[in-house]
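Trainee: With the hints as constraints, model all of the structure from the sequences given.
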Amino acid sequence: MRSAKGSKEDYRKSELLVDTLAILTKTGLLQCVKAVCPTEVCDEEQERPSSESTTISKTELLDSLQKFVSAGGKVEKFRQNLPATKPPSLWDLVLVPNIDTLNALWRDRIIAEVAAERIDETAGDIMSRLLCVANTSNRSTHILSAACEAVSHAELIRSLKEVPAYLDSYITLLLDDPFCLLEQQPGIAGGMYICPYKKIIKHLLVRHAENIVQVLFENSGLRIFRILVAEGYLSCEALERRLLIPQKDFRRVLPRMVANG
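In the working numbering, the protein residues as written are 1 to 261.
Hints are computed from structural coordinates only; laboratory data are not their basis.
Among the clues, some could well be false.
Unchecked claim - DSS-like cross-link-like pairs, simulated, lysine-lysine; straight-line CA separation at most 30 Å:
| id | residue 1 | residue 2 |
| --- | --- | --- |
| 1 | Lys26 | Lys161 |
| 2 | Lys248 | Lys26 |
| 3 | Lys161 | Lys199 |
| 4 | Lys248 | Lys199 |
| 5 | Lys13 | Lys26 |
Just so you know, these numbers come straight off a predicted model, no measurement behind them.
Mentor: Next comes the structure, spelled out in structure tokens:
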């Protein structure tokens, strides 16, 4: 790009790059911000300028890119192309990764992999497609969202390249899975489905914790852990009555678990 001389081929390369950037910004993977630098040159050690989110058209992005290329790809020269009435800034527009969106996509991929692990690859693909529909529609994809908003049965079918055989049976398996991979809500045309993010993440964390407890304290410790997770706080006497393990094992394992936090 720095060697661009204004030829049609170079312009097409610029358009291709801008098309890619436009797709990334439209899907939320990149965030377009306007940054204002209070001084002529911003040192890395100085405080970063405040920035605010904004939207940008493909034409504006292409014009800014062409200015930058014509300046030799150097920030200092790019400043010379800014309008004289505009406050001095190092960058007219800055594209930064949208961390929330990337984290949400990472979360969705993990959930799809869990569905594939617990059922099969077809179930994982169905789950992935449903989450993609919610993501591209900007439906509660924030990393802190409790669940995605409802996706209709018709939307799910349209998102699939090939509708798998026994689709309804796979949906039933996802709905009935103990990990709560899918929940159904009333709706037209076959109902609406949501993915309860927080419930699934909780089940994953509990499962990993169970694996650690079993390695450290064997089956007796695992049974103690599972009862406490299900029931919450229990006195030592109530816990001992609930467990179907020898008393000596209980009194040996419980103090070790408490001591190890």
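Trainee: Look at each hint and say if it fits the structure.
Mentor: Hint check results:
Proposed proximity of lysine 26 and lysine 161 is supported: the alpha carbons are some 23 Å apart, at most 30 Å. Between lysine 248 and lysine 26, the direct Cα distance comes to roughly 62 Å. Violation of the 30 Å bound is thereby established for this hinted pair. For the suggested pair lysine 161 and lysine 199, the alpha carbons sit about 29 Å apart, so the restraint of at most 30 Å is met. The suggested pairing of lysine 248 with lysine 199 is violated, with an alpha-carbon distance near 36 Å, which exceeds 30 Å.
A distance of roughly 20 Å separates the Cα atoms of lysine 13 and lysine 26; the hinted pair therefore holds under the 30 Å criterion.
Consistency with the previously given hints fails for numbers 2, 4, ordered from lowest to highest.
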